[in-house]
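Next come the chains, spelled out residue by residue.
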Amino acid sequence: MTLLTYRDALNQALREEMQRDDRVFLMGEEVAEYDGAYKVSRGLLKEFGPKRIVDTPIAELGFAGIGVGAAMVGLRPVIEMMTWNFALLAIDQIVNAAAKMRYMSGGQFGVPIVFRGPSGAALQLGAQHSQAFESWYAHIPGLKVVAPATAADAKGLLKSSIRDDDPVIFLEGEMLYNLKGEVPEGEHVVPIGKAEIKRAGSDVTLIGHSKTVAVALKAADQLAELGVNAEVIDLRTIRPLDTEAILNSVSRTNRCVVAEEGWPFAGVGAQVVDLIQRDAFDALDAPVLRVTGADVPMPYNKHLEKAAKADVGKVVEAAKKVLYMAAS
Amino acid sequence: MATKIVMEALSPTMEEGRLIEWKKQEGEPVAVGEVLAEVETDKAVMELVARSAGTLLKQLVGAGATVPVSSAVGWIGQPGESVDGGTTASPVTGQRPTGPVPPASAPAPAQPSSRPAAEPSGRVKASPLAKKIAGERGVDLGAVSGSGPEGRIVKRDLEAVSGERSVVSGTIAPPLTSHISPLTGFTDTPLTQIRKTIAKRLAQSIGPIPTFYLTAEVDMERVAEAREALNAAAGDQGKVSFNDIVLKAVATALRQHPACNAWWQDDHIRYWDAVHIGMAVAVEDGLITPVVRDAQTKSLRQISAETRDLAGRARERKLRPEEYTGSTFSVSNLGMFDIEHFTAIINPPEAGILAVGSIAQVPAVVNGQVQVRRRMRMTMSCDHRVIDGATGAKFLKTLKMLLENPLALVW
Amino acid sequence: MATSTRPERASGDAGTAELFRHYLRQMLLIRHFEEKAGEAYSLGKIGGFCHLYIGQEAVAVGSIAALRPDDYITSAYREHGQALARGITSRAVMAELFGKATGCSHGRGGSMHLFDAGLGFLGGHAIVGSHIPIAAGAAFAIKYRGGDQVSVCYFGEAAANIGAFHETLNMASLWDLPAVFICENNGYGMGTAVARASAVKSLSARGNAYDMPAEAVDGQDVLVVREAMDRAVARARTESKPTLLEIRTYRFVGHSMSDAAHGTYRTKDEVEEYRRRDPIKVLAERMRTDGTLDDARWSALETEVKAEIDDAYTFAEASPDPDPSELYANVYAGGDAKREVRGGKAS
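Residue numbers (the working numbering), protein chains in the order written: chain H, 16 to 343; chain U, 820 to 1230; chain L, 83 to 429.
Check each hint, because a few of them may be wrong.
Derived DEER-like restraints, expressed as beta-carbon distance ranges [stated by the list, open to error]:
#1 U:881 with H:297: 37 to 45 Å
#2 L:400 with H:209: 25 to 33 Å
#3 H:209 with L:408: 22 to 30 Å
#4 L:279 with H:202: 50 to 58 Å
#5 H:144 with L:282: 29 to 37 Å
#6 L:374 with H:101: 52 to 60 Å
#7 H:144 with L:287: 46 to 54 Å
#8 L:340 with H:101: 31 to 39 Å
#9 L:408 with H:319: 34 to 42 Å
#10 L:344 with H:206: 40 to 48 Å
#11 L:279 with H:144: 31 to 39 Å
#12 L:287 with H:202: 48 to 56 Å
#13 U:1086 with H:293: 33 to 41 Å
The hints are simulated quantities; they were obtained by calculation from the structure and are not laboratory data.
Idealized CB from N, CA, C, for every residue including glycine.
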């Protein structure tokens, strides 16, 4: 085991996969000479050269499409979106081209591409730089959507995503890049489509992904002081959802809180709740509750921003509700 | 949030209760387990105890009122709390509710399954999990208090409830109607709980059960002699009655004929190992059947003591539910009223009942000669679904033999 | 994948009668195919959108004749002409228009999404201009691998106004990608004349904005198209540099089957005027002059082509629909898409 930051774990994954398969290349704004806007690609230009680490002009739609075309004829591009907010410009290529190509062509052209970058809010970046996009892409058949929460999962899932023959939406987080975690040595690959129980428990299931996993774990610690043994599930992959892990846990605990960074309407949590009420109805002792970001564009002011985010306190309160415990 | 006091099912067959007297007044403090009121059930007078602590905020019904099981009769809470049923989550802490569980009934008698009690709104609020558990355990949700928001029943509310079957049907008995008649000279008396129960249950019996009757006449001379001798020797330890001897004989005979010691269970028959004899006892305005349990193991003296005790408490309406339920066979004796012969109505789900008539001096033929003998006629009513003619006849023959040869009782 | 009829000679031999006959046959094939498709559409056998190439045949035929089998072609939604010229059989194209399992996209694509991996035909795209960067991506891959293939992209002149066009041409020029960007300027983006949509009337001038060589080409003469394409292909193959070819042409029919040929945004006279320069007529006259075409040969060619189209029509009609149980096939690489997202255990 090595202690790595999430950022360095991603860097290792890119490096290893590019060494392993010379069809893999990285393209995006500032990925080469700048070493990456968030330094995820630090040192890669030096090792692999400008043919494989490609700086682009500011042209998301254009270079996303170039990635799609290159993937259609056999390369394995990793396209970096400086943040997923900017990918809105490229969404036509991601949704209308990458996601649908295999199906429209009757199976002839797959698009083995990874679109990756930071998603969601950081600190006071304002409305246009703070949106979480997992539910937008999770909606699309033909895409896979992955959101690792830890350094180990970041490495393992990026490797899997690059090796996957389908287009993968890989959602990182500016607030996660400095997070340190134990990463197994050697070849470490995490399968797409498998959630992980980050904390085993029996009294209530807390489900999160990306930044809300840490939130859920802290909430579990607070709940433990109240005598509640919470189970925390890290979804890790949003699409395809690990339905078995979710249903298995809720069948044991009989109650659930789903926490996500994104907005409430038609968010990822809504899909999880739909699954639980449909397939674990008789196991439920209480309605499934969701904790989400506030249904507002992200405000700049520090306190308003904090109030707009899903946090530990909100998860604890929701857990108490489903446990029929007195509110604080 | 204030908690409701509900009319609980204090006996397995109770559908409504008459609140005889409040033992706590509005404003008085109440601890868990304290007696709130005395309630007349279909069988006896029982105590309604508090399930939560606080102050008795409100009495919703007055003394003498009859209310269906599960309906609200009062509220307990903190002084000043509103009692119109709040909408916020209950401030109940994470601890489980304490307090005595409702009295356990006898080994689950197989009564028809319950329907959930209707709230005034017609729906019971319970989580899907609670409904599932209740269904599995045969717990009637209508009799459970919910600690969730708006009275939702949740899993932990069921953990306090006994796992045994609580058999209640929630229908409200139809109100009495009285005829408007031009005639005078009569008194309309409302049905007491006991009368209602007798009417309902025995009407259930006589209708659907294919019954046939077997009568045998028994020579009771030897029993009479034996009894006199016993009672002379017993002194003040308690006298043995004819009925005690009959019960002992019935118990013994049933052990030899287990096919008559059974319950009809709709899709199967339950043959009991032990013999629990229900003994019909006349009480002030009706009839009740206390049970002598494991009669086959008990001596005559034990049976005698027990019947005396049970009969006495039956008349005082002080029997507990487990003392008048769970019989495997019943005996009804009207001999003390000089009834020579009668047919008794089977107590479902039992398969048989013995009607014992009076012991009278009658002329009888013994060894070809006419003598005056004390003789007794007994008639067995049999549920033909369980007991066939020959089966019943063989039992009766054994019973007759035992009574005519009392020493065989200790064989 | 689908069997194809490949050009006997792909490059160089501009003067042979054989080559001219090949061009003529191909243009006739496209012409009659499109007419038949129009007829089928009116009979309800083709649904959705159907954009016909009638009048523009020389562009596809002349340019594709300059390519090798290992080159790549990407087109927009008016791509039946390019598909047939590249060698996707008329049976496979017609069946796809009919939505049948035997179609070149197995009935999943329809008129706007014709694909053939074996022929390097990368579709068939419906969002205006969105395929332009995709074509550049194929060129990127060629260069990445150190090959000498060419990636050709066909789009209309209205697409030259969309962001994807500009972003792509900039990067193609910046990175020296081996691409040929063919702008088929038929004068109208749906109902809007070029003059009303573009600040620059001569689209080839846009090459200057990206330091990219560009030419304006007469698209009604297949030989002219071929020559211009040869130049662009050579530049891509030998120098790995892109070219913008503005090929001026005309469609004799409406934008799509829902659009009238004239009377709304075009006058009948205008259409008649352009019909005089029907590319098939232009070549036929040249061949008659050369003595390589007479009535008998013309007749025989027409009969042969019409027979092929009739056969394609019959084939498409008789072909089966895709198996409904395969609705979920090919969403993902690993076989059927999981259905729990939609239905769960309860459904």
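What are the numbers of the hints the structure violates, in ascending order? Numbers 2, 7, 9 and 10 - these are the hints that the structure violates, sorted from lowest upward.
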